[in-house]
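Novice: My numbering numbers the first residue of the sequence shown as 1 and each following residue consecutively.
In short, the hints are calculated from the structure, not lab data.
Treat the numbers as computed from the prediction; the structure is a model and nothing was measured.
Hints are not guaranteed to be accurate.
[Said to hold, decoys possible] Derived lysine-lysine pairs resembling DSS-like cross-links, with alpha carbons at most 27 Å apart:
hint: 1; residue 1: Lys178; residue 2: Lys198
hint: 2; residue 1: Lys130; residue 2: Lys17
hint: 3; residue 1: Lys201; residue 2: Lys190
hint: 4; residue 1: Lys191; residue 2: Lys72
hint: 5; residue 1: Lys152; residue 2: Lys113
hint: 6; residue 1: Lys147; residue 2: Lys63
hint: 7; residue 1: Lys130; residue 2: Lys93
hint: 8; residue 1: Lys195; residue 2: Lys178
hint: 9; residue 1: Lys63; residue 2: Lys152
hint: 10; residue 1: Lys201; residue 2: Lys17
hint: 11; residue 1: Lys72; residue 2: Lys147
hint: 12; residue 1: Lys198; residue 2: Lys152
hint: 13; residue 1: Lys147; residue 2: Lys113
hint: 14; residue 1: Lys130; residue 2: Lys178
hint: 15; residue 1: Lys144; residue 2: Lys93
hint: 16; residue 1: Lys63; residue 2: Lys113
hint: 17; residue 1: Lys72; residue 2: Lys152
hint: 18; residue 1: Lys147; residue 2: Lys93
hint: 19; residue 1: Lys63; residue 2: Lys17
hint: 20; residue 1: Lys144; residue 2: Lys72
hint: 21; residue 1: Lys178; residue 2: Lys152
hint: 22; residue 1: Lys78; residue 2: Lys190
hint: 23; residue 1: Lys17; residue 2: Lys113
hint: 24; residue 1: Lys178; residue 2: Lys78
hint: 25; residue 1: Lys78; residue 2: Lys93
hint: 26; residue 1: Lys93; residue 2: Lys72
hint: 27; residue 1: Lys144; residue 2: Lys190
hint: 28; residue 1: Lys178; residue 2: Lys191
hint: 29; residue 1: Lys78; residue 2: Lys198
hint: 30; residue 1: Lys178; residue 2: Lys17
hint: 31; residue 1: Lys130; residue 2: Lys78
hint: 32; residue 1: Lys190; residue 2: Lys63
hint: 33; residue 1: Lys190; residue 2: Lys72
hint: 34; residue 1: Lys78; residue 2: Lys113
hint: 35; residue 1: Lys130; residue 2: Lys144
hint: 36; residue 1: Lys195; residue 2: Lys78
hint: 37; residue 1: Lys113; residue 2: Lys93
hint: 38; residue 1: Lys63; residue 2: Lys78
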Amino acid sequence: GVCYAQCPNIYASLAGKTIAEDDLPLLLFDRSTPSDRYEAGGKHGIERVDEFHRIEIVYIGTKEQLAEIREKLIERYKHVFDNILDLEWRMAKVTPFYLQQAGIVGKEEDEIKGTIDFEAYLPYRGDRSKEWLEIQNVSIVGDKYIKAFNIKSQRSNLWSGCSGIGLERWAVAFLAQKSLEPDNWPAGFKKYLPKLPKMPKFL
1 GVCYAQCPNI
11 YASLAGKTIA
21 EDDLPLLLFD
31 RSTPSDRYEA
41 GGKHGIERVD
51 EFHRIEIVYI
61 GTKEQLAEIR
71 EKLIERYKHV
81 FDNILDLEWR
91 MAKVTPFYLQ
101 QAGIVGKEED
111 EIKGTIDFEA
121 YLPYRGDRSK
131 EWLEIQNVSI
141 VGDKYIKAFN
151 IKSQRSNLWS
161 GCSGIGLERW
171 AVAFLAQKSL
181 EPDNWPAGFK
191 KYLPKLPKMP
201 KFL
């Protein structure tokens, strides 16, 4: 079947298992499976489609370990957005995705829990006051999935979290801000893609 994110399937693969204390925190990622959501409410470009591609990072450990992982991820994402993609972007704390999927809107009781969205401005859409696109997030979801899938450790009380990176949305944000012309792309990005591959000719 289809799923709105890769993380439920990752949790399912760990169902009923006990993780050795020495292996905490457990860090996993998936980039092979598409995600499926009917959330557009109408026709859009590739920034909002029913099936899309993401890199999903899942982390399982103690509350303290997850807080540290989140900070490290945020710092690395800042590096990518500032020094490689050179994006105009911002962070926003939002209702966690797992509450959105359940139709629940509310605040997390614990300040460590929650979702931080990373948003990029889309110049072609209009004014900066509203035309921002979520391109990825970082979440700590507490013991929700740990309990649901009966995942345990030898001694610690486990929490989990995830970070979803929207690849189509990264592309949309980058091209919207830097144009389709490679000469306008930042030097940090050109270190990884100096020039576009040669395209085939069609007769």
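Novice: For each hint, tell me whether it holds in the structure or not.
Specialist: Tested hints:
1. A threshold of 27 Å between alpha carbons decides the hint, and for Lys178 with Lys198 the separation of about 21 Å falls inside it, so the pair holds.
2. The suggested pairing of Lys130 with Lys17 is violated, with an alpha-carbon distance near 44 Å, which exceeds 27 Å.
3. Taken as a hint, the Lys201 and Lys190 pair is honoured in the structure, with Cα atoms around 25 Å apart against an allowance of 27 Å.
4. The hinted pair formed by Lys191 and Lys72 meets the criterion: a straight-line CA distance of about 23 Å does not exceed 27 Å.
5. Pair hint Lys152 plus Lys113 holds up; C-alpha atoms about 19 Å apart against a cutoff of 27 Å.
6. Pair hint Lys147 plus Lys63 holds up; C-alpha atoms about 15 Å apart against a cutoff of 27 Å.
7. For the given pair, Lys130 sits about 16 Å from Lys93 by alpha-carbon distance, which is consistent with the 27 Å threshold.
8. Restraint check for Lys195 and Lys178: satisfied, since their Cα atoms lie roughly 15 Å apart, inside the 27 Å limit.
9. Distance hint between Lys63 and Lys152 is fulfilled; the C-alpha atoms sit about 14 Å from each other, no more than 27 Å.
10. With a CA separation close to 53 Å, the supplied pair Lys201 and Lys17 exceeds the 27 Å bound.
11. Taken as a hint, the Lys72 and Lys147 pair is honoured in the structure, with Cα atoms around 26 Å apart against an allowance of 27 Å.
12. For a cut-off of 27 Å, the pair hint linking Lys198 to Lys152 is broken: about 51 Å separates their Cα positions.
13. Taking the CA atoms of Lys147 and Lys113, the gap is near 16 Å; set against the 27 Å cutoff, the hint holds.
14. Taking the CA atoms of Lys130 and Lys178, the gap is about 19 Å. The hint holds against a cut of 27 Å.
15. The suggested pairing of Lys144 with Lys93 holds, with an alpha-carbon distance near 19 Å, which does not exceed 27 Å.
16. At roughly 9 Å between alpha-carbon atoms, Lys63 and Lys113 fall within 27 Å of each other, so this suggested pair holds.
17. Proposed proximity of Lys72 and Lys152 is supported: the alpha carbons are some 24 Å apart, at most 27 Å.
18. Taking the CA atoms of Lys147 and Lys93, the gap is about 24 Å. The hint holds against a cut of 27 Å.
19. Between Lys63 and Lys17 the CA atoms are separated by roughly 19 Å; this keeps the pair inside 27 Å, and the hint holds.
20. A hinted pair counts as satisfied when its Cα atoms are at most 27 Å apart, and Lys144 with Lys72 qualifies at roughly 23 Å.
21. In summary, the hint linking Lys178 to Lys152 is not supported, as the alpha carbons are separated by about 46 Å, beyond the 27 Å threshold.
22. Restraint check for Lys78 and Lys190: the C-alpha separation of about 18 Å stays at or below 27 Å, so the hint holds.
23. Of the pairs offered as hints, the one joining Lys17 and Lys113 holds, with about 23 Å between alpha carbons and a cut-off of 27 Å not exceeded.
24. Taken as a hint, the Lys178 and Lys78 pair is honoured in the structure, with Cα atoms around 18 Å apart against an allowance of 27 Å.
25. A distance of roughly 16 Å separates the Cα atoms of Lys78 and Lys93; the hinted pair therefore holds under the 27 Å criterion.
26. Taking the CA atoms of Lys93 and Lys72, the gap is about 17 Å. The hint holds against a cut of 27 Å.
27. Note on Lys144 and Lys190: the hinted pairing is violated, with a Cα-Cα distance of about 41 Å set against a maximum of 27 Å.
28. Note on Lys178 and Lys191: the hinted pairing holds, with a Cα-Cα distance of about 16 Å set against a maximum of 27 Å.
29. Taken as a hint, the Lys78 and Lys198 pair is broken in the structure, with Cα atoms around 31 Å apart against an allowance of 27 Å.
30. Straight-line distance between C-alpha atoms of Lys178 and Lys17 comes to about 46 Å, which puts the hinted pair past the 27 Å bound.
31. A C-alpha spacing of about 22 Å is found between Lys130 and Lys78, which places the hinted pair at or below 27 Å, so the restraint holds.
32. For the suggested pair Lys190 and Lys63, the alpha carbons sit about 38 Å apart, so the restraint of at most 27 Å is broken.
33. The hinted pair formed by Lys190 and Lys72 meets the criterion: a straight-line CA distance of about 25 Å does not exceed 27 Å.
34. Among the hinted pairs, Lys78 with Lys113 is consistent with the structure: their alpha-carbon atoms are about 21 Å apart, no more than 27 Å.
35. The hinted pair formed by Lys130 and Lys144 fails the criterion: a straight-line CA distance of about 32 Å is larger than 27 Å.
36. Between Lys195 and Lys78 the CA atoms are separated by roughly 24 Å; this keeps the pair inside 27 Å, and the hint holds.
37. The suggested pairing of Lys113 with Lys93 holds, with an alpha-carbon distance near 11 Å, which does not exceed 27 Å.
38. Between the alpha carbons of Lys63 and Lys78 the distance comes to roughly 23 Å, so the proposed pair stays at or under 27 Å and holds.
Consistency note: the structure conflicts with the earlier hints numbered 2, 10, 12, 21, 27, 29, 30, 32 and 35.
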